[in-house]
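Trainee: Sequence:
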Amino acid sequence: MMQRDAVRTSLHQSKVFDEQCDVTGQLRCAALVLSVTAFFLFLYIDICPQESITVLALGTLMLAWTGPLTVLAGTYMKNNRFKVWQPFEGGFHFVSMQAVGWCLTGLLLAVCLVYLVNFHTLTRFEGQFLFIGIVGFIAQMVLNVSLDTFVADTPVPHVRPTSTTKSVVAILLSVSGCLFFVAFDWILPSSVLLVLGAVIFSVSSVVLHVGIGWCDLPTFALWQPFVGGNVFMLLQYLGWKFFACTLVSTALLSSSTSESYAGTASCMGVLGLISQLLLLTSLSFFQPIASRVEPRHTHRLPAECAVCGIVLVMTGLITLALCHDLLPPVLCPSKIRLLGLLCLLVLGAVTPLTHVGGARAIPRYQLWQPFRGDSKFVFIQSVGWTWYGIFVGVALLMHLNNTQFLVQLLPLAWLLGAASCATIVLSLLFFRMDEDSKHSATMATRGVPQLLPALFTMHLPPPERLLGHVLSTSTVVLHVVVEGCQVGGTAAALCVSLGLLLSVLAMASTHASGRFQSPSYRMWQPFLGGDAFVLRQAMAWTFFALFTLFDCLCIVACIRHDDVVRGLVLAVGVAAVVPHRVLASSVPLFQPPSSSSRLPSATPLMDLRSSRLPILANLVLVVGSLVLFAMAEWCRLHWRSFSHLFFMFGTVAAAAGLACTHCVCGPYMHSNYRLVQPFRGGLRFVVLQST
11 MMQRDAVRTS LHQSKVFDEQ CDVTGQLRCA ALVLSVTAFF LFLYIDICPQ ESITVLALGT
71 LMLAWTGPLT VLAGTYMKNN RFKVWQPFEG GFHFVSMQAV GWCLTGLLLA VCLVYLVNFH
131 TLTRFEGQFL FIGIVGFIAQ MVLNVSLDTF VADTPVPHVR PTSTTKSVVA ILLSVSGCLF
191 FVAFDWILPS SVLLVLGAVI FSVSSVVLHV GIGWCDLPTF ALWQPFVGGN VFMLLQYLGW
251 KFFACTLVST ALLSSSTSES YAGTASCMGV LGLISQLLLL TSLSFFQPIA SRVEPRHTHR
311 LPAECAVCGI VLVMTGLITL ALCHDLLPPV LCPSKIRLLG LLCLLVLGAV TPLTHVGGAR
371 AIPRYQLWQP FRGDSKFVFI QSVGWTWYGI FVGVALLMHL NNTQFLVQLL PLAWLLGAAS
431 CATIVLSLLF FRMDEDSKHS ATMATRGVPQ LLPALFTMHL PPPERLLGHV LSTSTVVLHV
491 VVEGCQVGGT AAALCVSLGL LLSVLAMAST HASGRFQSPS YRMWQPFLGG DAFVLRQAMA
551 WTFFALFTLF DCLCIVACIR HDDVVRGLVL AVGVAAVVPH RVLASSVPLF QPPSSSSRLP
611 SATPLMDLRS SRLPILANLV LVVGSLVLFA MAEWCRLHWR SFSHLFFMFG TVAAAAGLAC
671 THCVCGPYMH SNYRLVQPFR GGLRFVVLQS T
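Residue numbers (my numbering): 11 to 701.
Please keep in mind that the hints were generated in silico from the structure rather than gathered at the bench.
Wrong hints could be hidden among the right ones.
Unchecked claim - SDA-like mimics (lysine to any residue), calculated; alpha carbons at most 25 Å apart, straight line: (1) Lys88 / Leu71; (2) Lys176 / Asp163; (3) Lys176 / Leu117; (4) Lys88 / Trp75; (5) Lys386 / Trp233; (6) Lys93 / Val33; (7) Lys93 / Val124; (8) Lys176 / Gly221; (9) Lys251 / Val124; (10) Lys345 / Gly403; (11) Lys251 / Ala109; (12) Lys345 / Ala371; (13) Lys88 / Val155; (14) Lys176 / Val237; (15) Lys251 / Gly399; (16) Lys386 / Ile328; (17) Lys386 / Leu436; (18) Lys345 / Val237.
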């Protein structure tokens, strides 16, 4: 009997472990899907300029949800040691990636907030929102992958008490500087306030670095690169970087002749306040050392570093000549643009060339080595490649815009390229391989390949699934032809209709391929096949329904010879790949249902005597909204004012129907029903609610 209880306990623990791993993977996939969707929304804003802030607000909301979803996914991890608030816990690699990811997310949300406030007066340029989408996807991936580097048993760094009086003085100075920036935004737009705020932030940083660090902490030096512990280095880097951004933004805002966007100075003031708080917090984690240990340069720098230095000098001279009009006047704008693009191409090659030189000249140095090497090496490499990523984004913006925009941003691109190259060169001096770094690298890369197969199949598909890939690709090609060749009228409607038909066949072929994997696979099997299979199937068919809806709108607009929004057909065609890929990834996850598995029985609506009245009211609202929408469509051509009125009343009725279902029918039918219950109620309930 005791042995049977032990077996049951073991099976129960194994089941709980599998469910936790499955929930973690699903939440991480949800964060990934949100970031990809936000990327396409920002791309759509760039392709088709919007007059309303709806699409921008929706993309911003999706980016804002990616971070909390990764935190929620961490709480369902197998170790049960992940907490929502755990500063500087989980290992240095986890802390570093979390810091970078949350910093990027916070900066992006601040930029999106400024854009939302000033949307109608915003100065537009090509790639403006595309850059936000790219950086948002990178930030989400950093937060997502950081969960694989979490180490629950890592000791928390020792915190040293700091001077209370000097800390209070620094905090008061920082708050005062932030208030000056806020006053510039909303009370008095004078550059004097910005200068005073920057000066106060500078005084606060001096109080922290000199008054507390150099005077109170032993072995603390005014210049001590890569000394003081991992957490101290990370916080110091972020604090001084944000402080530098505040000073640069102050110089730009005070010297600008045009009116700044509302909220920009306030965001910069908050950034300066955060920089001072980071510098203050870093002093508590400073680890004094008995004697200065200089880095051991056991290897020489490769010859590629000298070549990159010469290239940086030459591109710097060309950049200086372009910015100050020192080139011969015979050069036409096209040649100036070609010269600027050539500088960008060369600047983009110096950092990878340095990295390749390190792999050639330094033993055990590899081109792909995430979290391999000493902690200082990993930290410096992360900084260098972060700056290189920003350089690539700036170069993309310069390429998409005109020559004047390219010349104006060329100095910034040169500074980013030179800084990334110099940082990678510096990191080569600190490269050392030990067993701890090998173990960290193994842990870091273990979960990365497990995240991507959640949406994309990683093996050679069977013939039916391969046919689905070909059909979905053909759908994209047809939409690209309609958009790129500017096909209109009946021909465009036929092409889009054919693309929709091919997409339907692709979904049917992919769905039917499951029959060859398992005999119990059925074309109609709601909520059967395992939680992961059900979730991905629901996502796939929901995305496909949205694609079909927009495709039908494009077909109707082409038949009526209406002006289709530029880029809409292209965006719909590109989105056609998403439901097919998600559906293809769900088929291998199918689990044959056992004989004991039964679906939870739904409560019959008519048997609930006490809840019949709210259900009937809900049905009346739903049917009434459909009738009102039909009346709005019927009156659209002859009585436009009545059409607007019917549409408004129909929208109100539809919203009231949803509110009645959620707020009235739910609590009437189930006593445990709550208005706010995220991810509760069972998988099938959550899937239907989200859909």
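Trainee: Does each hint hold? Answer for all of them.
Mentor: Okay, the hints, checked on the actual structure:
A threshold of 25 Å between alpha carbons decides the hint, and for Lys88 with Leu71 the separation of about 29 Å lies outside it, so the pair is violated. At most 25 Å may separate the alpha-carbon atoms for a hinted pair to count; Lys176 and Asp163 exceed this at roughly 34 Å. For the given pair, Lys176 sits about 29 Å from Leu117 by alpha-carbon distance, which is inconsistent with the 25 Å threshold. This hinted pair checks out: Lys88 and Trp75 have alpha carbons roughly 23 Å apart, not beyond 25 Å.
The suggested pairing of Lys386 with Trp233 holds, with an alpha-carbon distance near 16 Å, which does not exceed 25 Å. In summary, the hint linking Lys93 to Val33 is supported, as the alpha carbons are separated by about 16 Å, within the 25 Å threshold. Restraint check for Lys93 and Val124: the C-alpha separation of about 32 Å exceeds 25 Å, so the hint is violated. Note on Lys176 and Gly221: the hinted pairing holds, with a Cα-Cα distance of about 7 Å set against a maximum of 25 Å.
For the suggested pair Lys251 and Val124, the alpha carbons sit about 21 Å apart, so the restraint of at most 25 Å is met. With a CA separation close to 23 Å, the supplied pair Lys345 and Gly403 stays within the 25 Å bound. With a C-alpha separation of about 13 Å, the suggested pair Lys251 and Ala109 falls inside the 25 Å cut-off, and the hint holds. Distance hint between Lys345 and Ala371 is unfulfilled; the C-alpha atoms sit about 38 Å from each other, more than 25 Å.
The suggested pairing of Lys88 with Val155 holds, with an alpha-carbon distance near 16 Å, which does not exceed 25 Å. Restraint check: the Cα-Cα separation between Lys176 and Val237 comes to about 23 Å, which is no more than 25 Å; the hinted pair holds. Proposed proximity of Lys251 and Gly399 is supported: the alpha carbons are some 16 Å apart, at most 25 Å. The hinted pair formed by Lys386 and Ile328 fails the criterion: a straight-line CA distance of about 34 Å is larger than 25 Å.
For a cut-off of 25 Å, the pair hint linking Lys386 to Leu436 stands: about 10 Å separates their Cα positions. Taken as a hint, the Lys345 and Val237 pair is broken in the structure, with Cα atoms around 48 Å apart against an allowance of 25 Å.
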